[in-house]
Amino acid sequence: METQTITQQIGEITEKSVKSPVVEVSGSEALLEALIVEGVETIFGYPGGAIMPIYDALYDYSDKLNHILVRHEQGGIHAGQGYARTSGKVGVVFATSGPGATNLVTGLADAQIDSTPLVCITGQVFAHLLGTDAFQETDVINITTPVTKWNYQVTDATEIPEVIAKAFYIAKSGRPGPVLIDITKNAQIQKFDYTGYTKCDHIRSYRPKPIVRPQYIQEAAELINSAKKPFIIWGQGVILGSAEQEFKTFVEKSGIPSAWTVLGAGAIPTDHPLNVGMLGMHGNYGPNVLTNECDVLIAIGMRFDDRVTGRLDKYAKQAKVVHLDIDPAEIDKNVKSTVPVWGDCKETLPMLTALVDKKEHTEWHDKFKDYTRQEVEQVIEKELNPTTAEMTMGEVIKQLNEITKGEAIIVTDVGQHQMVACRYAQFNNTRSNVTSGGLGTMGFALPAAIGAKFGGQNRTVVAIIGDGGFQMTCQELGTIMQSGIDVKIIILNNRFLGMVRQWQELFNSRRYSFVDIQSPDFVALAAAYRIPGKVIDDRKDLPSALNEMLNNKGSFLLEVMVTKENNVFPMVPQGCSVSEIRLK
Amino acid sequence: MENQDNEKQEFNITVYTENQIGLLNRIAIIFTRRKINIDSLNTSPSEVESIHRFNIVITESEEVVRKLTRQIEKQVEVLKVYYHTNEDVIWQELALYKVSTDVIAERVSVERLLRENGARVVVLRKDYTVFETTGHREETDNLISILQPYGLIEFVRSARVAIIKDSEGFNSKLREFERLEPGEDVIENEYLNKGQKVFTM
Numbered sequence: 001m002e003t004q005t006i007t008q009q010i011g012e013i014t015e016k017s018v019k020s021p022v023v024e025v026s027g028s029e030a031l032l033e034a035l036i037v038e039g040v041e042t043i044f045g046y047p048g049g050a051i052m053p054i055y056d057a058l059y060d061y062s063d064k065l066n067h068i069l070v071r072h073e074q075g076g077i078h079a080g081q082g083y084a085r086t087s088g089k090v091g092v093v094f095a096t097s098g099p100g101a102t103n104l105v106t107g108l109a110d111a112q113i114d115s116t117p118l119v120c121i122t123g124q125v126f127a128h129l130l131g132t133d134a135f136q137e138t139d140v141i142n143i144t145t146p147v148t149k150w151n152y153q154v155t156d157a158t159e160i161p162e163v164i165a166k167a168f169y170i171a172k173s174g175r176p177g178p179v180l181i182d183i184t185k186n187a188q189i190q191k192f193d194y195t196g197y198t199k200c201d202h203i204r205s206y207r208p209k210p211i212v213r214p215q216y217i218q219e220a221a222e223l224i225n226s227a228k229k230p231f232i233i234w235g236q237g238v239i240l241g242s243a244e245q246e247f248k249t250f251v252e253k254s255g256i257p258s259a260w261t262v263l264g265a266g267a268i269p270t271d272h273p274l275n276v277g278m279l280g281m282h283g284n285y286g287p288n289v290l291t292n293e294c295d296v297l298i299a300i301g302m303r304f305d306d307r308v309t310g311r312l313d314k315y316a317k318q319a320k321v322v323h324l325d326i327d328p329a330e331i332d333k334n335v336k337s338t339v340p341v342w343g344d345c346k347e348t349l350p351m352l353t354a355l356v357d358k359k360e361h362t363e364w365h366d367k368f369k370d371y372t373r374q375e376v377e378q379v380i381e382k383e384l385n386p387t388t389a390e391m392t393m394g395e396v397i398k399q400l401n402e403i404t405k406g407e408a409i410i411v412t413d414v415g416q417h418q419m420v421a422c423r424y425a426q427f428n429n430t431r432s433n434v435t436s437g438g439l440g441t442m443g444f445a446l447p448a449a450i451g452a453k454f455g456g457q458n459r460t461v462v463a464i465i466g467d468g469g470f471q472m473t474c475q476e477l478g479t480i481m482q483s484g485i486d487v488k489i490i491i492l493n494n495r496f497l498g499m500v501r502q503w504q505e506l507f508n509s510r511r512y513s514f515v516d517i518q519s520p521d522f523v524a525l526a527a528a529y530r531i532p533g534k535v536i537d538d539r540k541d542l543p544s545a546l547n548e549m550l551n552n553k554g555s556f557l558l559e560v561m562v563t564k565e566n567n568v569f570p571m572v573p574q575g576c577s578v579s580e581i582r583l584k
Numbered sequence: 001m002e003n004q005d006n007e008k009q010e011f012n013i014t015v016y017t018e019n020q021i022g023l024l025n026r027i028a029i030i031f032t033r034r035k036i037n038i039d040s041l042n043t044s045p046s047e048v049e050s051i052h053r054f055n056i057v058i059t060e061s062e063e064v065v066r067k068l069t070r071q072i073e074k075q076v077e078v079l080k081v082y083y084h085t086n087e088d089v090i091w092q093e094l095a096l097y098k099v100s101t102d103v104i105a106e107r108v109s110v111e112r113l114l115r116e117n118g119a120r121v122v123v124l125r126k127d128y129t130v131f132e133t134t135g136h137r138e139e140t141d142n143l144i145s146i147l148q149p150y151g152l153i154e155f156v157r158s159a160r161v162a163i164i165k166d167s168e169g170f171n172s173k174l175r176e177f178e179r180l181e182p183g184e185d186v187i188e189n190e191y192l193n194k195g196q197k198v199f200t201m
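Protein chains in written order, with our numbering: chain A, 1 to 584; chain B, 1 to 201.
Excised from the complex, chain A in its bound form (with noise of 0.2 Å):
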């Protein structure tokens, strides 16, 4: 059927605005045109009664807007956030009232939590009966509040245009984060006299990036240019800004050692010379010791999480931090920074490279490869060449690596196998490690590398996920199937929820209280969902194995049995310094 949008209609369009001779057209019809120019492609939802007139409207749109069928709300944001990092795109999430709403909670803490741009879209009962515990009817603004950047209810359809074009822009601008628009059933039918859209590229009382002080930068370099020990440590805010380029650009002039956090990870390649390893709880070596030995600190776009600083009152003590920061509420709110250089690192980091030395810091590279070397025999080569008879986890990432050649996306869920992932995967490319970072959502990975698929364009998307986190949003295996999608998915089963089993065995004395989780035949299991899949537990099929999965014309399922009680090290106990790291 050929469908006609407003938008084919139009006289006039430019970069910011697309004019409409004036047409009548319902809230709904203006929402999806305002979707349409704000370059959205894929939403990802799931229907109800507070919503319908939104979906109706889909109806006439489905050739110009994808909408992917979710089996559970949860489901549909997680995909939302999964493309939202994959593309630097703002992830579109739609949800009916009442339960709906109330199932995006989780994404929008975690998309609010990493800074993911997201703007959610929930139906809500008719204007007229909100507070009245009508059928459906859910508080979701007040609900949704501490986990949004910011949030809007819409009761009349006339506001649409505006609030939308204010919710993109709020998401991606700045700091990035979730957007929640609550729109009343009427505002949803209601007729009005449209005359087109025009984005957002001001709010009044936001500032999506404060001025950058060239005196702090001034000041930030002559520190760095006397340093003897500088290290640099970067996060997810490189990969936000677009700024990986002038970040490499930076790192390879100063000659300084870079470290990451896990959604740091990927904005320069790992095997890049100047990467010395990941930060952080299960971080490396070199970069925990080293942290309190350095003596500049170099914090670029990341907020020293607490699984990153450890033990925060021994945490780089002796170092002078100058921090870069876009989100002046970062500035000093966990470690106090000597310099502040509050910006888009887009722009502060190619002024900082003009005013930095260029240096090699070789003896003090060296005491990186110092750490590494022990790390390696110690930690390192028990997990990727194991010797014992059942297989370990950082083997299969080894040999994932060896097939991709670090060219995928790694989607990764929460606990051992997220770790050893993002510790061992190679990642050559910006944007490729989607992971839940700062909630630590069990259940992530699923729904979230449907989204990075539509979000990587074509670029091979693998799915690792422990035997726990599968069973939380196992139910997306319907959406891959009815939709086709072509995602890669590696089951690492230890028999156990890992991580807590872990900690239960340093420091509860081996008290496994209720971590021995069972689990389904996995490849049964996908199979009732006509997904291929293998099991294996024997390492000379991981290749092999491996291969089919990454060969085979859509999405497979390779569960891999892995040793049952193998822990992730090295590890910063909590409550520990960085530098009190134990290797086993």
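In short, the hints are calculated from the structure, not lab data.
There may be inaccurate statements among the hints.
Using 30 Å as the maximum straight-line C-alpha spacing, the simulated DSSO-like pairs for lysine-lysine come out as follows [stated by the list, open to error]:
(1) A:Lys540 x A:Lys398
(2) B:Lys74 x A:Lys166
(3) A:Lys172 x A:Lys229
(4) A:Lys317 x B:Lys173
(5) B:Lys67 x A:Lys172
(6) A:Lys317 x A:Lys346
(7) A:Lys19 x A:Lys229
(8) A:Lys336 x B:Lys8
(9) B:Lys165 x A:Lys199
(10) A:Lys320 x B:Lys8
(11) B:Lys74 x A:Lys346
(12) A:Lys89 x A:Lys229
(13) A:Lys317 x B:Lys8
(14) B:Lys74 x B:Lys165
(15) B:Lys173 x A:Lys166
(16) A:Lys382 x A:Lys540
(17) B:Lys74 x A:Lys199
Label-pair distances were calculated between CB atoms; the ranges are [stated by the list, open to error]:
(18) A:Gln457 x B:Lys165: 55 to 61 Å
(19) A:Thr198 x B:Leu24: 47 to 53 Å
(20) A:Gly554 x B:Leu24: 46 to 52 Å
Some chain B residues near chain A, calculated using beta-carbon distances under 8 Å [stated by the list, open to error]:
(21) Gly22
(22) Leu24
(23) Lys74
(24) Glu77
(25) Lys173
(26) Leu174
Because the structure is a prediction, the values reported are computed rather than measured.
C-beta atoms are modelled at their ideal positions from N, C-alpha and C, and glycine is treated no differently.
Use these hints to put chain B onto chain A, whose structure you have.
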């Protein structure tokens, strides 16, 4: 400096915001999330149309207050946030006292007490009289204890409103927000350079 930062005292937080439904909650949860009690909260339209002003009083260390104000200022619909110690502001609370008119008439001393405490009659009826005072908490508290023996019928006190001593240019700055074109960030620098006195992004 370090000690001063960690010592708890009353802080007056002034927030300029858009007039938006839900914003009160968005600001309130910044405190409740950290289990910080709001001692006093006043919100009312500012001198500029559509811009509201919050006066929030909390007892906390400066370090905590500084972080809180940044979190508040980060909210999309918040225009500006400032924090000040009690020494930096002039503040008042309004209090209303309802007492029996008979008691007032019978006992002249009460009238004198009210006069001595700067109370003003708002309503005078046969059955009751309503007095008003403005002042600091101790002053209104004091008058309550004085009136208690004479049968205080009802009492109410407003939130604190505070005016900042060092607020030159506030009004003109606020006026600039009225203009809807992209905000000129350079203006911020003047305030940034004033250092610690005025908090701003």
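Here's how the hints hold up against the structure:
no.: 1; hint: A:Lys540 x A:Lys398; in the structure: holds (14 Å)
no.: 2; hint: B:Lys74 x A:Lys166; in the structure: holds (16 Å)
no.: 3; hint: A:Lys172 x A:Lys229; in the structure: violated (36 Å)
no.: 4; hint: A:Lys317 x B:Lys173; in the structure: violated (40 Å)
no.: 5; hint: B:Lys67 x A:Lys172; in the structure: holds (24 Å)
no.: 6; hint: A:Lys317 x A:Lys346; in the structure: holds (28 Å)
no.: 7; hint: A:Lys19 x A:Lys229; in the structure: violated (57 Å)
no.: 8; hint: A:Lys336 x B:Lys8; in the structure: holds (20 Å)
no.: 9; hint: B:Lys165 x A:Lys199; in the structure: violated (41 Å)
no.: 10; hint: A:Lys320 x B:Lys8; in the structure: holds (28 Å)
no.: 11; hint: B:Lys74 x A:Lys346; in the structure: holds (20 Å)
no.: 12; hint: A:Lys89 x A:Lys229; in the structure: violated (37 Å)
no.: 13; hint: A:Lys317 x B:Lys8; in the structure: holds (25 Å)
no.: 14; hint: B:Lys74 x B:Lys165; in the structure: holds (25 Å)
no.: 15; hint: B:Lys173 x A:Lys166; in the structure: holds (24 Å)
no.: 16; hint: A:Lys382 x A:Lys540; in the structure: holds (17 Å)
no.: 17; hint: B:Lys74 x A:Lys199; in the structure: holds (22 Å)
no.: 18; hint: A:Gln457 x B:Lys165: 55 to 61 Å; in the structure: holds (59 Å)
no.: 19; hint: A:Thr198 x B:Leu24: 47 to 53 Å; in the structure: violated (29 Å)
no.: 20; hint: A:Gly554 x B:Leu24: 46 to 52 Å; in the structure: holds (51 Å)
no.: 21; hint: Gly22; in the structure: holds (6 Å)
no.: 22; hint: Leu24; in the structure: violated (10 Å)
no.: 23; hint: Lys74; in the structure: holds (5 Å)
no.: 24; hint: Glu77; in the structure: holds (5 Å)
no.: 25; hint: Lys173; in the structure: violated (13 Å)
no.: 26; hint: Leu174; in the structure: violated (11 Å)
When held up to the earlier numbered hints, the structure conflicts with 3, 4, 7, 9, 12, 19, 22, 25, 26 and fits the remainder.
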